[in-house]
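Place chain B on chain A using the hints.
There are 2 protein chains.
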Amino acid sequence: MEEKKIVRFGILGCAEIARKYVRAIGMTPNSSVHAVASRSVEKAKAFASANNLPAEVKTYGSYEQLLNDPSVDAVYIPLPTSLHLDWALKAVHKKKHIILEKPPALCVEDLDTILEACDNNGVQLMDGTMWMHHPRTPKMKAFLQNPDLFGDLKFVHSAFSFEGSDKFFEEDIRVKPDLDAHGALGDVGWYCIRAILWANDYEMPESVIAHPRPVLNEGGVITSCGATLSWQDGRVATFHCSFHSARTMDLSVHGSKGILQLHDFAVPYEEKSASFFSSTNTKSGEMDTFWGPRPNEHTVTVEFPQETFMVEEFARLVKKIRDSGGKPDSQWPSICRKTQIVLDAIKTSIQGGLISVKLSSI
Amino acid sequence: MEEKKIVRFGILGCAEIARKYVRAIGMTPNSSVHAVASRSVEKAKAFASANNLPAEVKTYGSYEQLLNDPSVDAVYIPLPTSLHLDWALKAVHKKKHIILEKPPALCVEDLDTILEACDNNGVQLMDGTMWMHHPRTPKMKAFLQNPDLFGDLKFVHSAFSFEGSDKFFEEDIRVKPDLDAHGALGDVGWYCIRAILWANDYEMPESVIAHPRPVLNEGGVITSCGATLSWQDGRVATFHCSFHSARTMDLSVHGSKGILQLHDFAVPYEEKSASFFSSTNTKSGEMDTFWGPRPNEHTVTVEFPQETFMVEEFARLVKKIRDSGGKPDSQWPSICRKTQIVLDAIKTSIQGGLISVKLSSI
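Those protein sequences? They're chains A and B, same order as listed. The numbering used here applies: residue -14 is where the first sequence begins, and numbers increase by one. The numbering used here applies: residue -14 is where the second sequence begins, and numbers increase by one.
Incorrect hints may have been included.
Identical copies carry no separate label here, and so any pair may be met within one copy or between two of them.
Stated by the list, open to error - Straight-line C-alpha distance at most 27 Å; calculated DSS-like pairs for lysine-lysine: (1) Lys5 to Lys242; (2) Lys5 to Lys268; (3) Lys268 to Lys257; (4) Lys161 to Lys242; (5) Lys305 to Lys75; (6) Lys30 to Lys124; (7) Lys(-10) to Lys43; (8) Lys268 to Lys161; (9) Lys28 to Lys257; (10) Lys343 to Lys28; (11) Lys5 to Lys126; (12) Lys152 to Lys268; (13) Lys75 to Lys268; (14) Lys152 to Lys242; (15) Lys161 to Lys5; (16) Lys257 to Lys30.
No lab work stands behind these hints: they were computed from the structure.
Chain A with its partners taken away, still in its complex shape:
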């Protein structure tokens, strides 16, 4: 009975990022790691051992074997983006619910194929945008939704960068055109785009235009770029993502009455505590030589890393389907799709020589 309540995860591939989710699943009350698969059973066993997985966790030498295990409820797919379509479809056809690492697909057409399969198979999909699930995020949203403290949304800016090492630029899948073709845009830029949509209550922009001087490597993979998004009512958002600048994760949301600021929006500085800053109703000093008050720091303490909250939410949705005959939640796939559409439009803008790309309303 207790066993029945747990969502049993299979891990499809032993990527570095999988370690984080194995740990998070282990920390999540309603979830457990049931099996891990790699392209060889030795690699799967080595991964299980390196991550201190209990002996009863199954290790498979192929992804198919894991998907054929009827005890697996859900799979976490941290494979390179170019493999997502194939393996997501295989998993979905086996009725496995999926957490698809971001970016979910090479293009929205591929993502739509996956989403259609999820619909047809009654399967839940969620992408790996972990910061959305941190308890800090709804607290920030409450500030943005407060008409007295924040007012009307006017402008968002986000930036996410880290400096890739020489090894990163030689070997990492995120700079390989045949693996993660979206590069910095799909990796760190994904979070910026999502943050902008999140702040805009997922209302799609009217148009996007990439900024001048995107950086592409010899394989044509974007290693740095930015864009401006705009809405018909005058809202504007900008972001910048890069593998060439020092690590920062900036998010500024400007309303008519208040400002939200933080510099660690995607991954908090600490695992058990995360802050954001709000300011509202500031006044200039009499002579304009000072102003205030300073922004307020709001700190949220948590017991677990943010991935745990994500797995818990996903497992909750899976249990509703598995145990109560519920339907898959449509919000997470919808948000995922909107983010992909904006990402695609920015690539189109870059490929077209920085053209403005209109987005049809969704």
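Only chain B this time, still in chain A's reference frame:
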């Protein structure tokens, strides 16, 4: 002899912002307010009285009278931008050194007329970009110039906004096409452009392009806009300036190794203390669930408001000319001109329907 060492200022107009400079001049050891002028002597007297100026300070009922006073060494010109060309030229022809409130001119052609007159008359010009003179600014620059802590400059973002009141949008000179035609771009945007140029060691961008959805009032004055600047080597900068969002003054400078951040770059939260944040050599936690260290806060304590440091620097340059036969400093006029050129290019981009505007190298 002591009197001789002081730079005697005339104040050309009793604008609100003039109060700040009257106070700053009074606090500056090498400067004093010698005279104030308004369009009526009553207004000048009322201003002198409201600002507790000593009885010996002269009050004039016309700007010409003040400029004809041979004891005035320098004038502070806080008039609306559309009056700058006329009054700056009149002041310069009377050999008065000038602090010209920003934005200095309606276009760089007008500014060049003023600068040429300054050259011909051996007169010092400085624009009123006060934050440049805060002792915090060179400390931030030292961080940006440190190859180990900051590395190579990659990206700058700046935003300066405040929410104009109903009265502001009805009456303020900054929304009147015949007075301060540059609106938010010339007012708060000027500081953002300057901050971007400052971070780039005043190297001019290759091109600028305005962001979609600038807001213009019925008189055609920009009340909100943004732009992206780019350099041939891949550096990019964005900014956003607005009269419609809550007050904030964001500056983020991203280098290959370090990040500079602050949210009060133009006017510090406190008159006697100002901070900035730097981060460098951050590391991701083992599982990418946290990172750090957090940015370091650097606090600079000062005795005076930043305008005092500006007046002091200006007066130092004036004294070199007046007392030692020195030549006007060329750095401040050059920086002023570059800022104006970028401002003009952004207006051209907006007026041209968001076209990319190339800047010829200067």
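We went through each hint and held it up to the structure:
1. Taking CA atoms no more than 27 Å apart as the test, Lys5 paired with Lys242 passes between copies only; the shortest distance there is 26 Å, against 39 Å inside one copy.
2. Taking the shortest alpha-carbon separations for Lys5 and Lys268, only the inter-copy value of 16 Å comes in at or below 27 Å, while the best intra-copy value is 44 Å.
3. Proximity of Lys268 and Lys257 under a CA criterion of 27 Å is satisfied inter-copy only: 17 Å between copies versus 34 Å inside one chain copy.
4. Taking the closest pair of Cα atoms, Lys161 and Lys242 come within 27 Å of each other only across two copies (24 Å); inside a single copy the shortest separation is 44 Å, beyond that limit.
5. For a Cα distance limit of 27 Å, the shortest separation of Lys305 from Lys75 inside one copy, 22 Å, qualifies, whereas the shortest one across copies, 79 Å, does not.
6. Proximity of Lys30 and Lys124 under a CA criterion of 27 Å is satisfied in neither setting, with 41 Å inside one chain copy and 53 Å between copies.
7. In this homomeric assembly, Lys(-10) and Lys43 come within 27 Å of each other (Cα to Cα) only inside a single copy, at 19 Å, whereas the closest approach across copies is 86 Å.
8. Within a single copy, Lys268 and Lys161 get their C-alpha atoms only as close as 50 Å, which misses the 27 Å cut-off; across copies the closest is 24 Å, which meets it.
9. For a Cα distance limit of 27 Å, the shortest separation of Lys28 from Lys257 qualifies neither inside one copy, at 32 Å, nor across copies, at 61 Å.
10. When the C-alpha separation of Lys343 and Lys28 is checked against a cutoff of 27 Å, the pair qualifies neither within a copy, at 46 Å, nor between copies, at 54 Å.
11. Taking the closest pair of Cα atoms, Lys5 and Lys126 come within 27 Å of each other only inside a single copy of the chain (26 Å); across copies the shortest separation is 38 Å, beyond that limit.
12. In the homo-oligomer, the alpha carbons of Lys152 and Lys268 lie at most 27 Å apart only across protomers (16 Å), although the nearest pairing inside one protomer, at 49 Å, exceeds that limit.
13. Taking the closest pair of Cα atoms, Lys75 and Lys268 never come within 27 Å of each other, the shortest separation being 58 Å inside a single copy and 37 Å across copies.
14. Only between protomers do Lys152 and Lys242 lie at most 27 Å apart by alpha-carbon distance; the minimum there is 16 Å, versus 46 Å within a single protomer.
15. For a Cα distance limit of 27 Å, the shortest separation of Lys161 from Lys5 inside one copy, 22 Å, qualifies, whereas the shortest one across copies, 57 Å, does not.
16. For the homomeric pair Lys257 and Lys30, neither the shortest alpha-carbon distance inside one copy (31 Å) nor that between copies (62 Å) is at most 27 Å.
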